[in-house]
Amino acid sequence: MILCCGEALIDMLMRETPAGEAAFAPYPGGAVFNTAVALGRLGAESGLLSGISQDLFGEMLMQALASSKVDASLVIRSARPTTLAFVTLAGGQARYAFYDEATAGRMLTPADLPALPAAAEALFFGGISLMVEPCGSAYEALMARDAARRTCMIDPNVRPDFITDPVAYRARIERMLQLADIVKLSDEDLGWLSGPGSIETRARKVLTGRTRLVFVTEGAKGAHAFWADQAIFEPARKVPVADTVGAGDTFNAGVLAALGRAGVLGKGDAALTEPEVVRAALRLGVQAAAVTVSRAGANPPWAEELE
Numbered sequence: 001m002i003l004c005c006g007e008a009l010i011d012m013l014m015r016e017t018p019a020g021e022a023a024f025a026p027y028p029g030g031a032v033f034n035t036a037v038a039l040g041r042l043g044a045e046s047g048l049l050s051g052i053s054q055d056l057f058g059e060m061l062m063q064a065l066a067s068s069k070v071d072a073s074l075v076i077r078s079a080r081p082t083t084l085a086f087v088t089l090a091g092g093q094a095r096y097a098f099y100d101e102a103t104a105g106r107m108l109t110p111a112d113l114p115a116l117p118a119a120a121e122a123l124f125f126g127g128i129s130l131m132v133e134p135c136g137s138a139y140e141a142l143m144a145r146d147a148a149r150r151t152c153m154i155d156p157n158v159r160p161d162f163i164t165d166p167v168a169y170r171a172r173i174e175r176m177l178q179l180a181d182i183v184k185l186s187d188e189d190l191g192w193l194s195g196p197g198s199i200e201t202r203a204r205k206v207l208t209g210r211t212r213l214v215f216v217t218e219g220a221k222g223a224h225a226f227w228a229d230q231a232i233f234e235p236a237r238k239v240p241v242a243d244t245v246g247a248g249d250t251f252n253a254g255v256l257a258a259l260g261r262a263g264v265l266g267k268g269d270a271a272l273t274e275p276e277v278v279r280a281a282l283r284l285g286v287q288a289a290a291v292t293v294s295r296a297g298a299n300p301p302w303a304e305e306l307e
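Sequential numbering from 1 applies to the sequence shown in the numbering used here.
Calculated from the structure, these hints are not laboratory results.
Careful: at least some of the hints might be erroneous.
List of simulated lysine to any residue pairs, SDA-like, C-alpha gap at most 25 Å [what the hints assert, rightly or not]: (1) Lys238 x Arg95; (2) Lys69 x Ala119; (3) Lys205 x Asp229; (4) Lys69 x Asn299; (5) Lys267 x Leu116; (6) Lys205 x Lys267; (7) Lys69 x Pro240; (8) Lys69 x Ala25; (9) Lys267 x Ala231; (10) Lys238 x Arg150; (11) Lys69 x Ala280; (12) Lys205 x Asp269; (13) Lys69 x Asp55; (14) Lys267 x Arg95; (15) Lys267 x Arg204; (16) Lys221 x Ile199; (17) Lys267 x Glu174; (18) Lys267 x Asn299; (19) Lys205 x Ala228; (20) Lys267 x Arg210; (21) Lys221 x Thr201; (22) Lys205 x Ala271; (23) Lys205 x Gln178; (24) Lys69 x Ala118; (25) Lys238 x Ile199; (26) Lys221 x Arg283; (27) Lys205 x Glu218; (28) Lys267 x Ser137; (29) Lys238 x Leu306; (30) Lys221 x Pro117; (31) Lys69 x Tyr27; (32) Lys267 x Arg145; (33) Lys221 x Leu89; (34) Lys205 x His224; (35) Lys69 x Ser137; (36) Lys267 x Leu89; (37) Lys205 x Val167; (38) Lys267 x His224.
Given only the sequences and the hints, what does the whole structure look like? Please build it.
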């Protein structure tokens, strides 16, 4: 199982009523939640570890997990409210305003962390859960606890407007990057974390510690993979773009699903960085993300849509 560890929330997406009035409609979302859902739809054994409310939005999230075949046995339910993310679009690019104080997801603590089943061979981390407390410390503690025996992937998915303590956040991400086997960054994330420079030069600086494979996405251009002394690039598919909500999350799922199909997600598997394995992972990530951007909201494809 690929266990996704992080936020599940409700995206409030802009819509228009029949009377022409502006409105917001609720959709299940969150970067880590989206990756778990996309993995389930792609046929991977997927699970979610997150704090989810018992309120009506929490029920929406649980139903969405079930309908996409995601194992929710490690979800921690509480009476706290659900995080809401109001999403606006500018030129097809999503902008977010988060309402997250004292929510079921945010208030997850290190003491809440369960023992993980042996079936969880790979862990995925990322999203806004790493930017706030106490859940940021909880997910970092989980990664530190299990990184020596389970393959770990991280996508920081940086949201600068949501970061209240950039120094502490940068320090956390640096520590988690050092523990990760696989890292995914957007070109914007790379710029925020590393400043100016070529994508390859900055990506290779991440190939330290345990990290063996780095993916960098460039939106409509495509995506890169870097490992050892090698690099490949996969151009983006040309599709009509509805919006970019969930695109990077779906890319992550495509990568992990392909690596799972190749049977290389066991900790320390040497085949993880075989060129054909990496190329297949990059290709599926780009292909799946193209479907997501072609339709509104975070609506990842099912495996049969990519055949």
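Status of each hint after checking the structure:
Distance hint between Lys238 and Arg95 is fulfilled; the C-alpha atoms sit about 23 Å from each other, no more than 25 Å. Taking the CA atoms of Lys69 and Ala119, the gap is about 16 Å. The hint holds against a cut of 25 Å. Between Lys205 and Asp229 the CA atoms are separated by roughly 12 Å; this keeps the pair inside 25 Å, and the hint holds. A threshold of 25 Å between alpha carbons decides the hint, and for Lys69 with Asn299 the separation of about 14 Å falls inside it, so the pair holds.
Between the alpha carbons of Lys267 and Leu116 the distance comes to roughly 15 Å, so the proposed pair stays at or under 25 Å and holds. Using a Cα cut-off of 25 Å, the hinted pair Lys205 and Lys267 holds, with the two alpha carbons roughly 22 Å apart. In summary, the hint linking Lys69 to Pro240 is not supported, as the alpha carbons are separated by about 28 Å, beyond the 25 Å threshold. For the given pair, Lys69 sits about 24 Å from Ala25 by alpha-carbon distance, which is consistent with the 25 Å threshold.
Restraint check for Lys267 and Ala231: satisfied, since their Cα atoms lie roughly 22 Å apart, inside the 25 Å limit. Restraint check for Lys238 and Arg150: not satisfied, since their Cα atoms lie roughly 36 Å apart, outside the 25 Å limit. For the hint pairing Lys69 with Ala280, the CA-to-CA distance comes to about 23 Å; that is within 25 Å, so the pair holds. This hinted pair checks out: Lys205 and Asp269 have alpha carbons roughly 22 Å apart, not beyond 25 Å.
With a C-alpha separation of about 21 Å, the suggested pairing of Lys69 with Asp55 holds against the 25 Å cut-off. For the given pair, Lys267 sits about 36 Å from Arg95 by alpha-carbon distance, which is inconsistent with the 25 Å threshold. Restraint check: the Cα-Cα separation between Lys267 and Arg204 comes to about 21 Å, which is no more than 25 Å; the hinted pair holds. At roughly 13 Å between alpha-carbon atoms, Lys221 and Ile199 fall within 25 Å of each other, so this suggested pair holds.
Restraint check for Lys267 and Glu174: the C-alpha separation of about 21 Å stays at or below 25 Å, so the hint holds. Restraint check for Lys267 and Asn299: not satisfied, since their Cα atoms lie roughly 30 Å apart, outside the 25 Å limit. Proposed proximity of Lys205 and Ala228 is supported: the alpha carbons are some 11 Å apart, at most 25 Å. Of the pairs offered as hints, the one joining Lys267 and Arg210 holds, with about 11 Å between alpha carbons and a cut-off of 25 Å not exceeded.
Under the criterion of a C-alpha separation no larger than 25 Å, the hint pairing Lys221 with Thr201 is consistent with the structure, at around 18 Å. Between Lys205 and Ala271, the direct Cα distance comes to roughly 22 Å. Compliance with the 25 Å bound is thereby established for this hinted pair. A threshold of 25 Å between alpha carbons decides the hint, and for Lys205 with Gln178 the separation of about 11 Å falls inside it, so the pair holds. A C-alpha spacing of about 19 Å is found between Lys69 and Ala118, which places the hinted pair at or below 25 Å, so the restraint holds.
Taken as a hint, the Lys238 and Ile199 pair is honoured in the structure, with Cα atoms around 22 Å apart against an allowance of 25 Å. Distance check on the hinted pair: Lys221 and Arg283 sit about 13 Å apart at the alpha-carbon level, within 25 Å; holds. Pair hint Lys205 plus Glu218 holds up; C-alpha atoms about 18 Å apart against a cutoff of 25 Å. Pair hint Lys267 plus Ser137 holds up; C-alpha atoms about 23 Å apart against a cutoff of 25 Å.
Our distance criterion of 25 Å between C-alpha atoms is met by Lys238 and Leu306, whose separation comes to about 15 Å. Between the alpha carbons of Lys221 and Pro117 the distance comes to roughly 39 Å, so the proposed pair goes past 25 Å and is violated. A distance of roughly 17 Å separates the Cα atoms of Lys69 and Tyr27; the hinted pair therefore holds under the 25 Å criterion. Taking the CA atoms of Lys267 and Arg145, the gap is about 14 Å. The hint holds against a cut of 25 Å.
Straight-line distance between C-alpha atoms of Lys221 and Leu89 comes to about 20 Å, which keeps the hinted pair within the 25 Å bound. A hinted pair counts as satisfied when its Cα atoms are at most 25 Å apart, and Lys205 with His224 qualifies at roughly 15 Å. Distance check on the hinted pair: Lys69 and Ser137 sit about 28 Å apart at the alpha-carbon level, beyond 25 Å; violated. For the hint linking Lys267 to Leu89, the alpha-carbon distance of about 39 Å lies beyond 25 Å, and the restraint is violated.
A distance of roughly 19 Å separates the Cα atoms of Lys205 and Val167; the hinted pair therefore holds under the 25 Å criterion. As the CA atoms of Lys267 and His224 are separated by approximately 23 Å, the hinted pair is consistent with the 25 Å bound.
The structure fails to meet hints 7, 10, 14, 18, 30, 35, 36 from the earlier list, while all remaining hints are met.
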